[in-house]
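S.K.: Can you build the whole structure from these sequences, using the hints too?
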Amino acid sequence: MNRSKPKLKQIFLVILLVPLLTGCWDSREIESRATVLAIGIDKADPDEEEKEDEISHRKGKIDIPAESLIKLTVQIAIPGRIPLGPQIGGGDRSPVLVVRAVGHTLEDALLNIQQEVASEVFLGHLRLIVLNEEVARDGVDRFTDYLRRNPEIRRTAALVVSKERAAKYMEIKPELERVPSLYLAEMVDSLIELGKFPETFIGMFWSILSSKGQDGYLPYFNIKGKSNIQINGLAYFKGDKMVGKTDPLQIGGFMAGIGAEEGGYGIFVKPPELEQEVLVRAVERKTRVKASLKNGKPHIYLKIRYESEIEEIDSRMPTHIDEDDTKALENEFSKMVKEGLEVLIAKTQEAKSDIFGFGEHFRGKFPDFWSKNVNTKENWQDHYANLTYDIEVITSIRRTGMKAR
Amino acid sequence: MEKTREVTTFQAATILISTMIGVGVLPLPLFAVRSGDTGAPFITVLGIGIGAIALIIITKLGLRHPNKTIISYSEDIIGKWLGKIFSLLVILFFLVLTALAAREFGAVVITAVLLETPLEVTVLVMLLLAAISARNTMNTFVYIHSFYIPIILAPVLIIVALSLKNANFLYLRPFIASDLKDSFNGALTVAALLQGSFLMTLIIPTMKNPKSAVKASLWAIFISGGLYVLIVAATVSIFGTEEIKKLYWPTLELARTTSLPGNILQRLDVVFISVWVIAVFTTIFASYFLTIQSLKEYFNLQDHKMLAYFLLPFIFTLAMVPQNILQLYDIILFIGKVGLIFTFFYPMVLYCWDLIRNKRGSKDESKQA
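Protein chains in written order, with the working numbering: chain A, 2 to 406; chain B, -6 to 362.
In silico EDC-like pairs for lysine to aspartate or glutamate, Cα to Cα no more than 20 Å straight-line: (1) B/Lys174 x A/Asp369; (2) A/Lys271 x A/Glu312; (3) B/Lys239 x A/Glu153; (4) A/Lys242 x B/Glu235; (5) A/Lys378 x B/Glu235; (6) B/Lys238 x A/Glu379; (7) A/Lys213 x B/Glu235; (8) B/Lys238 x A/Asp142; (9) B/Lys158 x A/Glu200; (10) B/Lys239 x A/Asp241; (11) B/Lys238 x A/Asp241.
Stretches of chain A that chain B covers, calculated by requiring three or more beta carbons in the stretch to come under 8 Å of a beta carbon on chain B: (12) 151 to 159; (13) 211 to 224; (14) 358 to 366.
Derived from the structure by calculation, the hints contain no laboratory data.
Glycine included, C-beta positions come from ideal geometry on N, C-alpha and C.
M.R.: See the structure below:
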């Protein structure tokens, strides 16, 4: 009796341990995962609805109009072909597989893609989502629900708007990197690092989209030549709909407006006192935004301090520059920044798109004004259109490079 | 009943800290923002204030009866039967609290990390772990908590510090919520997340120097409360209030948005989740321990070990009651506020009664019963 007791315990223990042998429910080998690296979203032709198979709904039995049908192009990494470490010249075989599908919503299309791919579609390594301009103009909120719900999506993934069809970006073969989507994602990151674009990632875009006093902005890409991609401006949104784009140069002005520190843009400056065009590049900036109410109307005072450097002087003329000339250059540079910014603000005011987030200043600093007069995003957009502002720019040129005189 | 007085002030504080930091930190910013928009950090401070008062009361009360827990001294104060009834309610409440914490843990794990794993398994594994650990003595209990405390605190602080890179401090303004009633409601919700501190009643009889119990309580509430405020302020300044309202677990999203510099780890949620599992474990462990220790005293048992497994099926069944995450959070918010009756008002009434009774002198004692 006494001896059999521990035995029973041991048997019980063994029985308890057996289920552990089956291992982890969630283990998936890399090979059996279809790792999606990038997604491109285009508008599909309404007649393509016919081509959609009955996977998540019966034909025609869905309350989403055919006009909002989207065409999804995804890049899936092929296991074993993604090179690790330094690249050793080209193999011909592409490391990614491009799959396309149409659907009424993002998940609808992804389900259709899953139906074509043997392994489980895995979005944990998604680095980039390309939105075609047309889709962006129709509104992006319809995609955010799925992306917010899905735990695999990284908030640090990049979201960009493209001039051409997004599908093209999925098929492009850049020379600098074997995996196309990684190249595109790297590009977004390095643009930020170089001061060509303010910090942007999908999570940040969502926060701005949700906030009442600011409208979203995204990088706007287009394709140059066969396989080069250029950042061609900044797409600005009103609510969740894209309403316009800026020139690349205006991105610099925009960054001054929101106070992004890293300066990256250079402009040609030619003050009346000087004969030569001088290329002055912004190195660093500091922006102070002061919100106030003038006679009950919102007013913004922007003070921007620039640190700049002289990068090049048009050498068809004598390139001699002295202390007084830099003063003139500083003033002229400030004037140009100011004018550029004013043009941009006027442009966004026309579109009622407060990408600078001035509304947030009023929401934060004048809660009474806000709750009485504004309260919703739409109301602020109307207020923004009539916003008055003063801009003051102060530039100091600190460096002129290695060349004496 | 062996009475070893070995718990130091520092250890007492660590137990309280690791108990108070638990499942609640994930939805905390959502609760705070829902009731007061940008006033969320302020509401959190308010809630911590309420939690602090509750903790001080239970500590002071414990100090008046330094050899007993609330289960025994409540009988001395308000009489045997009333004391028995309320003690049973308190025990039941912590039983439910344990179950709900385990269920909330399971819900987060199956939605955010292990999508294929059955909910029952995650909940059962966590409860089993707590049950096995709860068989240990008070001493081991103390050591487990002190051992884990740096692992719980450090990564959270690191994540908050790193995430501030993308912070927009305008999102924090205006600092004070406009609606007083909602703010108070939110503060109660936050205070409900701190109810683990009730454990202090169990610690005082084992403290080496019970006099310093108040000091330990204050430090504990200061550190865990500070962490709460930090988390709320960081999430609000990064996501903004409107975005937080769309997220179940803003704190988890914070970890997902944060990356270590130099692309070492592109998202920190893996680190955070593993830390958080430990934090949840210490919390569930603590309330489990509190439940069975109280039960032991309630029935005047010699040993608490067998109770650990005996309760397991009941807690597990309770944990499985909510049908889905929406219902789960309704229940959690409701039970949390109801719990304040037991962890805040009940000790307060006891304390006042105790004071009055002592003033009147012991001759009236029989009438009170």
